[in-house]
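Peer 1: Go ahead and model the full structure; you've got the sequences and the hints to work with.
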Amino acid sequence: MSEISERVARVLDDPEHWPDDPKEAVALQRRMADRVREEPLDVDSVRLVAGLDVSYAKDNTALSAAAVVMDIRTMEVVESATISSEPSFPYISGLFGFRESPPVLEALGRLKVTPDVYLCDGFGLAHPRRFGVACHLGVLLDLPVVGSAKSVLYGKHSVPGNERGSWTPMVAGRSEVVPDSRALAERGSEVIGRVLRTREGVKPVYVSVGHRVDLEGATELVLRMSPKYRVPEPVRHADRLCGEHRKAVLAEKEAREAGPAGDR
5 MSEISERVAR VLDDPEHWPD DPKEAVALQR RMADRVREEP LDVDSVRLVA
55 GLDVSYAKDN TALSAAAVVM DIRTMEVVES ATISSEPSFP YISGLFGFRE
105 SPPVLEALGR LKVTPDVYLC DGFGLAHPRR FGVACHLGVL LDLPVVGSAK
155 SVLYGKHSVP GNERGSWTPM VAGRSEVVPD SRALAERGSE VIGRVLRTRE
205 GVKPVYVSVG HRVDLEGATE LVLRMSPKYR VPEPVRHADR LCGEHRKAVL
255 AEKEAREAGP AGDR
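Residues in the sequence shown are numbered consecutively from 5, following this note's numbering.
Read the hints as simulated data drawn from the structure, not as lab findings.
Since this is a predicted model, take the numbers as computed values, not measurements.
Just so you know, not all the hints are guaranteed correct.
Simulated pairs of lysine-lysine, DSS-like, Cα-Cα distance not exceeding 25 Å [said to hold, decoys possible]: (1) 154 - 207; (2) 160 - 207; (3) 257 - 154; (4) 207 - 232; (5) 257 - 207.
Label pairs and their in silico Cβ distance ranges [to be verified]: (6) 205 - 146: 32 to 42 Å; (7) 234 - 61: 15 to 25 Å; (8) 38 - 193: 19 to 29 Å; (9) 168 - 190: 21 to 31 Å; (10) 262 - 22: 46 to 56 Å; (11) 192 - 251: 45 to 55 Å.
We treat Cβ as the ideally placed atom computed from N, Cα and C, and that holds for glycine.
Peer 2: Structure (structure tokens):
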């Protein structure tokens, strides 16, 4: 059993991590947020990056998760894992960590290699309670996790320049575009993430600290892992893989329910 598999098994087996009641989940988020740590991330020392994603639809219970490990130097896929499951927590904005973390953890538990950093399609500190899914996974596993989301959940921000690598800070507050978020940050507003342009003239992504990384290092990692497309390569691969897996599982289920051709 790999190091990550052992950690995953311990986390999934502890019922205190997985409340059924949304109010209890909110209270647990607030308690666990105090455990989030920011540490310098030396991107030059990183070799293996795991991209994590979940695929499901609001009107369907089928859910798939994927973990794709890539070599940061060659951009080649080293290993991947997918799982399918039924969600154990309702679809509630701000509490996706309780719905998405269990299947993501199961996928991680199937890996034989141990990544250096984990890149999550979701938020970390850029969350109303400073505990998005990237923080959730990071604290549970006590491993370096970066949040890289495609849309905004929480935070004021201005629009970065059009060139690749441009960014503006996200500061605490309800989600909105403001004239100058750098000025807000300089006046002491809490910085919770960055709006990063990974491709010239294309919509930015939203980077935030999950656990055991810093915002500067997280930004650099996301930019390095996005050489061609808007979304970082490990997350892009995980998104495609878990989407394909969910469709395959649904097709297999429909085929079983339909029965042999002669029975119809």
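Peer 1: If you check each hint against the structure, which ones fail?
Peer 2: 3, 5 and 10
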